[in-house]
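Could you put together the complete structure from these sequences and hints?
These protein sequences, in sequence, are chains P and H. One rule links them: number in my numbering = place in the first sequence (from 1) + 79. One rule links them: number in my numbering = place in the second sequence (from 1) + 35.
Here are some, though not all, of the chain P residues that point toward chain H, as calculated from beta-carbon distances under 7 Å:
#, residue
1, Arg120
2, Gly121
3, Leu122
4, Pro176
Stretch by stretch, here's where chain P covers chain H in the computed footprint (C-beta under 8 Å, at least three residues):
#, region
5, 70 to 82
6, 139 to 148
By construction, these hints were calculated from the structure, which means they are not laboratory data. Using N, Cα and C, we set each Cβ at its ideal position, and we do this for glycine too.
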Amino acid sequence: SQQGEEDPQALSIQEGENATMNCSYKTSINNLQWYRQNSGRGLVHLILIRSNEREKHSGRLRVTLDTSKKSSSLLITASRAADTASYFCATERGNTPLVFGKGTRLSVIA
Amino acid sequence: DTAVSQTPKYLVTQMGNDKSIKCEQNLGHDTMYWYKQDSKKFLKIMFSYNNKELIINETVPNRFSPKSPDKAHLNLHINSLELGDSAVYFCASSQALGTGVEKLFFGSGTQLSVL
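Now the structure itself:
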């Protein structure tokens, strides 16, 4: 069953701007992960945040997690054309495979 | 060195045919998966294998039969292909299911088109 829902479905920004994507989920989780998918390629893991963490950084990426609202956000700062891709959140709940959302399509215009 | 490799990348076939997709991982992971991504980019788990044993089968028609000869390989055989099977199929692997830090490594996908 689908767990995560990303918002917005599509986002178009200028190079240098920040991009924010949101993810909402329905049940309790162990961790939440964000993945990137370039066109015609497989998904690539970006960052994992555990349920007892509130914020995590990795380079230009910043992820927040609010378990009370069952939501997470991914912020990409100073975006580049190479950041153009689809971004998926995925949730882990114990002994079950990751459940992915439908993704946000990000277009960064040079 | 490709960590998770799947072949073929493209597969075009007629309805009713039987086809296989192969997957291999060289990461030493215990768990492998098949995911299906539809035209709307929705990614859905199909199967999960841990050390050659099936642990998850997400109500996939029995026309789909995964086979894991060893923990580094998970192949997908599809019988009597239907139009609705057209999608991109992704193989993935992770260290171990249920560790709480299950990060997936994906293959590059197999785009299946059933005509």
